[in-house]
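Peer 1: Sequence:
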Amino acid sequence: LMTDRIDDPILWEMWHMLLNQGYRIGLCAFNDACFDRAGGKWSEPVAYRRTYVHIDGEPNWRNLVAAIRAGRTFGTTGPLLLFDIDGEFPGQIFPADGTERTVRIRAWGAPSYHDPTEFGSITRVAIIRNGEIWKECDFTDSPREIVELEFPVAEDATAWYVARVEGSVEKQLAVTSPIYFEGSDYRTPEPYPIRIRARISDAHTGAPLSGKMELIEFAKDRIDVVETREFHNGEFSGEIPGDLRLHAVVDGYESQTLSPILDCEPIYRDLLGGIQGPDLADPDYYARLRRALNDVELHFPLLPQKES
127 LMTDRIDDPI LWEMWHMLLN QGYRIGLCAF NDACFDRAGG KWSEPVAYRR TYVHIDGEPN
187 WRNLVAAIRA GRTFGTTGPL LLFDIDGEFP GQIFPADGTE RTVRIRAWGA PSYHDPTEFG
247 SITRVAIIRN GEIWKECDFT DSPREIVELE FPVAEDATAW YVARVEGSVE KQLAVTSPIY
307 FEGSDYRTPE PYPIRIRARI SDAHTGAPLS GKMELIEFAK DRIDVVETRE FHNGEFSGEI
367 PGDLRLHAVV DGYESQTLSP ILDCEPIYRD LLGGIQGPDL ADPDYYARLR RALNDVELHF
427 PLLPQKES
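Converting from the sequence shown to our numbering requires adding 126 to each position, the first position being numbered 1.
Don't take every hint at face value.
[Stated by the list, open to error] Cβ-Cβ distance ranges computed for the label pairs, FRET-style:
#: 1; residue 1: Glu-316; residue 2: Gly-257; range: 48 to 56 angstroms
#: 2; residue 1: Tyr-178; residue 2: Ser-336; range: 53 to 61 angstroms
#: 3; residue 1: Thr-225; residue 2: Arg-131; range: 37 to 45 angstroms
#: 4; residue 1: Ile-136; residue 2: Glu-271; range: 29 to 37 angstroms
#: 5; residue 1: Ile-349; residue 2: Glu-316; range: 17 to 25 angstroms
#: 6; residue 1: Asp-311; residue 2: Glu-271; range: 38 to 46 angstroms
#: 7; residue 1: Phe-344; residue 2: Arg-195; range: 18 to 26 angstroms
#: 8; residue 1: Arg-195; residue 2: Glu-356; range: 31 to 39 angstroms
#: 9; residue 1: Thr-129; residue 2: Val-191; range: 16 to 24 angstroms
#: 10; residue 1: Trp-187; residue 2: Arg-325; range: 40 to 48 angstroms
#: 11; residue 1: Pro-185; residue 2: Gly-257; range: 30 to 38 angstroms
#: 12; residue 1: Ile-132; residue 2: Ser-310; range: 52 to 60 angstroms
FYI, nobody ran anything at the bench for these hints, they're computed from the structure. Note that the structure is predicted; figures quoted are calculated from it, not measured. Ideal Cβ placement from N, Cα and C applies to all residues, glycine included.
Kindly produce the complete structure, drawing on both the sequences and the hints.
Peer 2: Structural data, given as structure tokens:
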């Protein structure tokens, strides 16, 4: 999330919107830095935006990946930020039972990345709840090198909390992943299904074909067949998870793989190809995408094997 556009409100609106829909998305920061030409025209400064990860157990790559997946992170361009509720860090899920708990923030200013002799202070602290400012402290008139704050909270509804700190140096910002409160109404969002109508035919004659359709998943170094369904008379229809692809197999013909998103021109060209920044935080855009996914048409023109 923390990229070269961290000052773009659309980025944060998109994240907040998805969190409010139940998607538990942690925060990471990155920069496009090239070590062999750091700071040049085609490279950002090395480690200007950084991700800090709270690891449980030994500091190995497995625990690192597990912690990132759990959202035990904060991203920063300078300030250090620790955010906890009752001693539990971002990624923690509490029951929304109204129990009184203690929210704690600790933040430290940092020097300027470009001029280490210019030391930064903390100028603003905010706690965001469900996309709205819940608590805010402004230290612009009296910046502090170190800030420690505590607030009581007694959450009785599904909610998420994020801490955000700004520094006195230009573009200094630190943001945590959320801490969650889960009520009885919370449901993990399901992958949106795609409704497919596909034609499978001879590439030359147009004759309908019968065979099997494999639903496949691309992993890092392999292709997994998740499910196999039969089709007859050149017609295949049904619902499939949006992250799978279709692999048409017919005896005597070369098989073919298509993506219901990348190979569906109205979706790939019009919706994805034409996406603009404001669309990312616009619920209407996602509604249009869902409508398009409800009626995906594909055509598999298969070539006889002797022509391969």
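Peer 1: Hint by hint, say whether it matches the structure.
Peer 2: Hint check results:
no. : hint                                    : in the structure
1   : Glu-316 <-> Gly-257: 48 to 56 angstroms : 22 angstroms, violated
2   : Tyr-178 <-> Ser-336: 53 to 61 angstroms : 56 angstroms, holds
3   : Thr-225 <-> Arg-131: 37 to 45 angstroms : 38 angstroms, holds
4   : Ile-136 <-> Glu-271: 29 to 37 angstroms : 32 angstroms, holds
5   : Ile-349 <-> Glu-316: 17 to 25 angstroms : 24 angstroms, holds
6   : Asp-311 <-> Glu-271: 38 to 46 angstroms : 42 angstroms, holds
7   : Phe-344 <-> Arg-195: 18 to 26 angstroms : 20 angstroms, holds
8   : Arg-195 <-> Glu-356: 31 to 39 angstroms : 37 angstroms, holds
9   : Thr-129 <-> Val-191: 16 to 24 angstroms : 21 angstroms, holds
10  : Trp-187 <-> Arg-325: 40 to 48 angstroms : 46 angstroms, holds
11  : Pro-185 <-> Gly-257: 30 to 38 angstroms : 34 angstroms, holds
12  : Ile-132 <-> Ser-310: 52 to 60 angstroms : 35 angstroms, violated
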